[in-house]
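Assemble the dimeric complex from its two separately framed chains, guided by the hints.
Chains as they are written, first to last, in this note's numbering: chain A, 1 to 144; chain B, 1 to 801.
In short, the hints are calculated from the structure, not lab data.
These numbers come from a predicted model, not from an experiment.
Reference listing, derived: stretches of chain A covered by chain B, where coverage requires no fewer than 3 residues with Cβ under 8 angstroms from a Cβ of chain B:
1) 83-92
2) 96-109
3) 117-123
Result set (DSS-like, lysine-lysine): computed pairs, CA atoms no more than 27 angstroms apart in a straight line:
4) A:46 x A:27
5) B:711 x A:74
6) B:644 x B:691
7) A:74 x B:454
8) B:691 x B:161
9) A:74 x A:64
10) A:47 x A:61
11) B:252 x B:454
12) B:248 x B:36
13) B:178 x B:252
14) B:523 x A:27
15) B:523 x A:74
Computed beta-carbon distance windows for the label pairs:
16) A:128 x B:759: 17 to 27 angstroms
17) B:279 x A:90: 33 to 43 angstroms
18) B:444 x A:86: 52 to 62 angstroms
19) A:20 x B:37: 34 to 44 angstroms
20) B:186 x A:131: 44 to 54 angstroms
21) A:20 x B:32: 48 to 58 angstroms
22) B:407 x A:90: 38 to 48 angstroms
23) A:121 x B:274: 42 to 52 angstroms
24) B:444 x A:81: 40 to 50 angstroms
We put the beta carbon where it would ideally sit given N, CA and C, even for glycine.
Listed below, chain by chain, are the residues.
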Amino acid sequence: MADPYQEFFDFLDQLGETLDALTEIVKEKTAAVRRDDLMGVDACMKKEQAISLTLRTMDAKREKLAAAIGLAGKPLSALPDACPPERRAEAREIVDWLQDCYTLYHSAAEVSRTTLEVNLHQIERLIEAMPDAGEGGSIADIRA
Amino acid sequence: MSSLSTFGTFTMARMGVWVAQQSLNVTGNNISNINKEGYSRQQINLNNISATGADRYQSKYDVRITGGAVADSVVQMRDQYLDIRYRDEASSVGAMDAKLDGLEQLATIIDEVGRGEDGEGVIEAAFENLIQQIETFSAQGAGKDAFDSIFRDAASTLVEKIRNRANQLDTLMGNMTKGFEQDVQEVNSILERIRDLNSSIRRTQVYGGQPLTEIDERNNLIDDLAEFMHIDVNYEQEDLGEGYKVDKLVIKTAGLPTRTLVDGVYAAQLSIRQVQDKDDNGEPRYYINGDPVMVNSSGFEIELSPLMDVNRRLMTSPDQGAVAVTMNPTVEKDDLTSTTGATTFTEEEARQIAGILNNDESVYKETDENGDNYFYFHPYQEPDGNWYIHKHPVSGDASTAANRADNSNTSSYTYTQISVGYTAALATGSTPATAYDTADAAQEIANQLATREKQSDRSSAIYSYSVAENGDGKFEIHRNLDGTELNDTELYGALQSTREMLTEKGYYATAQEVENDVNAATKRGIPYYQKSLDTLANTFANMLNEANMLSDPDHTIYVYEDPNRTLYQYDTSTDASGNTVYTRKTDSETGDYLLSANAATVFDSSVNKAEIDDHGYYVLQKSADEAGYSSGGVLFSNDGNDNKTDHISAANISISKSWANGSFRVLSSTKPDAASTESDNLNRILVNILKGDHEFDPRMDGLNTGDDLPKSEEIFFTGSFQELLSSHIAGFLGNDQGVAETALENYSVMLDEIYVQRESVMGVDLNDEAVNMMMYQKSYAAACRLMTMYDEMLDKLINGT
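Isolated chain B, as found in the complex (with noise of 0.2 angstroms):
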């Protein structure tokens, strides 16, 4: 400014008091949100006004001097360094806090320490008071009803509580589904937010403003996901063209491969994959307790969307192309003794459906009562010219297709009648596109194309298909990338803590899962102790109702019969409903009954006494009536109202019908012409079942199968029930818990320590504004003061001269 300027000064004061008053508004702006969460201190920036070039009367011996200062910019105080550090400790806050909640809600089910009676836990203490009812039975009440009703008593407590605790499981893997669903929906939630702010943020800038608090709102919002999920957040440039570039934040997951979650106005969105399996027949599948089959057993895929606006524009077109497909032959063969009937084909179909045929193991091998049969699927041209396909069996060497084709024998075959359906997939190499005539064509065989691909960072790709017109007038199918389901491992955080505790089964782990994760066999989440609880109520189960069977070599056991007291030989077996079926034996050449040959045995007991009738027969004081109670039955099923056996699980388990009703006693003694007071088996069912070790397997139960089925079939185990219970089941989780609640608190306190530090540098300090406020001030008061002094300065100019 040249310094003959006549209103120049006027003009550096009246800027010194406007810049005085803007500090002055930033200064009270900090001090008024000094207690708004995730606010940052501002702070003015000044600039000299410096004018170039040369003044029209300028002097060379002039010195030149700035005009004054101006208001440049407001800034947030933050530290980015202190940001990304803290939301790398908020993720793993995150991941060990929703962790270490889930294990302590499984604790309030679980932990047995110190809930029953003497410091014992509940099951605890009902295993506990069933073994000793049984050390009663054994010693004093065997064969006496009284007993019997006692011991049944102590089973029912027992089970009982089992089987609460499995409801309570149930209970809580609803409740937590429910927790992690809400869970996914605030992190869409906050995606969405950010998008938002994203994009007013943007839009403020483009018209020059300082958008200050929408990024406050941002950064608070980022801090928020930060806990679902690891994230790497990142500022890049955009260019508006003409060289004017405004900032875009970019936010992807932290982990390999990365993720974009939010791209400036474009954002994804998460869902959870729920697809229910379903059987041969197309039907759903259902566990015993009624919970639904998951494909792929965990239930509970994270899918991500492809980045959309507020107005759901993909940020990318998801079309891929148009795509080749090529139709796969799949064959259902019938075998026939003659041709009436049999499928003819040309040659080539018959060579290609005869390889088919020997490539698939579950039409080449059969398997019955005898064992496994194998067969050869031959092309053959018969007389009348047309090719069938003849099935010979093969003896011999069956490992491989060719050794089917030398060991087979020729001269003995069946034809086959073949039913050929094709369906679609998509063509690898570089074929080109596949045109249709009509789009109803090309959408019949879009619809049966997979739409779900797996990659080798064992993620999915997502895909669906459309049909459009290509330039010749045909149809084709395009191929479009819907999405992506992320890998197991990939998110870490709260999000993929909660997934964990819903979706981990420890040893049960199957090969899919275990293929997933390399640590699949090592993490516990809540199906762990679902199916650990069910490996001991069937264990439980079937071993004391095997004990509960008499187990004479061929089934025979000795009634006789009212009135005549004629022992005759039984065979004893199990009908549908778990009932046990007398049969009376007969003579295989005459029809007769058979008669008891069992050796003379004296009882002393004045209710089970051997006699020698008139015919010299033996006979046992026990009435058919009283065969039930000699034979033993079943004691535990899956069904309080029945003596089903299959499939007990810790939800299911129950006293049998026949037990609970008095038809069934525990089998004091096995022998079949036991004294009612001889306690054999009762001494068994203690020592060997519930105080007895036994190893115990994934696979044991019978109770996960087919896709549910653990990879591994070792013994995880060996110990008593209670060893199990005590060790397995509440030792590993009071295990975990302790090493989660160690991590939480490392990370926790790092985290307070990092959030401590950036409040230093981005918080409010009552101190500094109240010094920055009596400096403005005095600025703001200097600055009019220059402009009274110019006034008076300026009116002896004009007035006094």
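So here's chain A without its partners, still in its complex pose (with noise of 0.2 angstroms):
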């Protein structure tokens, strides 16, 4: 009979994985908008986008392993509590770990988006700034 503890511990691991994953194409994706590589960003957005549908799917394991351990609607900080004695050290290291992923991740993912807004926003104020911008000179209208 698998072992419920270590399904989820094996899940972690791979969502570490893909957070790492993530987080390189994250940064991949701030320096084609620092080189102003459009098509670069491009590519970048359409893996950022499978990996999004490869976490939605993870998501929803997520919840069916948690719920096996007795972590439904609980933080990861509380899977070491959750877990037998002989396990606790080692979700706690895991635990650290995927923290660690994530704090990369969110760090690299904020400067991304904030890199991309100031860009978008420099550009606006480009449009805005042509002598033949008028009520239609906007971002959007230039897309359509």
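Listed below in structure tokens is the structure:
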């Protein structure tokens, strides 16, 4: 019979690796924005979308596995307390590692989002400053 | 303006000259402030003068021409969006920078990589040396003084290095605390200066001026503030009446809940609350190492004052109105076997007091050497008409008051003598305010009321109480809101990061700390490393001390006493100072000394040779003087001048006095009749203790008690001492450093980019200004030429016709 705790730990390993992959893509996207490489940004966004779909599937799996060990509705930091005593040290290690992965992803994602937004803001200002920019001179209209 | 005006065009030319001059002034101002930090490029806005209404002599065929230009305003070139993004990133950079700075300072103490010989760490090398010495000791030196001495020196080096680390961590804690206090002062200074600038800007705007310099200065201060905490800056309109409005700056914290830091000419101030905890006797509590124990163990609660102006007038009245007070009885009880001295009550009092006693576990449950005993307190009216409280023993289910009542032995009881006190508390519900006859009576009650109240967002409201007369000649107690104690995770920025470095304990987080912050168990600051080092030192010392005690099940050792060489049985025990005490065993019936019944053992060693004396008793060739060596003793203590073994920590671990002066030795063997060259205990110390795996949990060292008791008692690491040092102390530090470095790099690059973009808007570009200067200079010249021309025209008109 499968060990529900090991299954959850394996899942968290997989999640951490996915977060690491996502962090690399986000960094690549930021670099593309900085060198004004629209195609590069587009490629990165497509990869992000693919991983987002994977994460959605993983989220459903997470709920099932978490429920199996009594962790439904609780934060990740509660995992060690939900494990039997002999698994708690391992659980604690995984929680620490996953939190670090998330911290790195979060900082990279924030930077990427800010870079994009600031650049878009710059583009909007340029468009507003254009002599023929009237009421239709917005980015939405350009895209249309 | 009428086209028939005589001097209108002259005025127009004059306006042109003036506007060009103003524009040149603005350009000149930009150029001269080009290197000023935070200066925002200024731009002049021009407007046409356009007269309205009909001229007296206007011809309906005439063309209306505007009357020239006028300088409408001078504006600063800033992009508010970029300002907001810059400040958001500044708080992230501030947070990571402060965290990394703290971790780097920790690394100078904890990081062992490459600081010892052969690439080993310093403490790790000391451990290795200790292991090598005991390997040699075990192989060659069992029973020999010289090897014991060498081993002791190696142990002394190790404990000295551990103590050094602990002292360095204490010093770092002190330095960082001072830094944190200075940061809070800096924040307060910034808030005050922003408030004062708001006041100055408001005054200038009221009089119609444009306080651009002050606005620049204020923006710089806001940028500085953003590094310390994540803030939200808004500009509101203050209505001065008659439809006249001026701008008002409001700064709030950006987290949830939001707290107002600045509101126009009012600003709050931060303070650090450090309250020393007290024991049950009201005496200040200290850690074993002498540091004061702070309430809630964190010791760095940040309080936010109400908003005040420069004269310390509050923006809103703190008075929350008169309060209703209820008096709650508190009881202390004694137990008596007779009514003499027993407290008598009215029926109502007896029932109320009994109810209190039956719901107080510290009263209804008593623990002795036999276990827990439960009691039920029963109000009873005796024949004398008085009500007493009987204390009945309970046998059976004592889980609830009702069960204790059912299972109490009503035929067996003692009387209780009770002293009843009353403590004041705020009444709940919509109770009318309590009125008192005198101000002193009201003040006495007010002094008992709680000054802090926990809120749902885990912050605490800070109150004080004042007494005021109501309209009926009585006195009421008013509650005043004096400030807020922020919750553990409200701020984000350099301030919060430094605070976390000073308070976070990782696995050692208390239940209260985890309740305040769900991630408390995974955040590691200086306290985590201090406590980990304590666990390592305490466990190491206790294990080795225990290993160095003779482990005969009935504590019997065998010695002979000179000169009779008669072998007696002894018991061993340890006195309060940790010294081994030998007591000869006696027969419980006859009182005679018990002789050894040890089986014969023949030793080959010329030093330790068993003999059978004339009486048939077996003797060991160890004298009473040598008894100390055979029974071992305390190797490590909490004081180098003593043998005390309680509360050994990293800061006080020492070689015990007896081991240092040679009274004890490392026990080579735990067999009571062992030959001096036997080394079973040395092997055990080496394999099971120094190299062996152990289970470490946050409570095992017993050093953190009371409010400081870690929530978790689960094993957080299984491994050797060296592995604990490398993985959970140095290893965690390195990992946290790496994450902080990466995050800081990301945020810093972003901040620089936004800074550059912001500068591209607000910064002065010499090329732009040079072009403007040429343009305005030409305008000036053209306007002057126009004036000259109009002058000639008028001269012709007036003098030539």
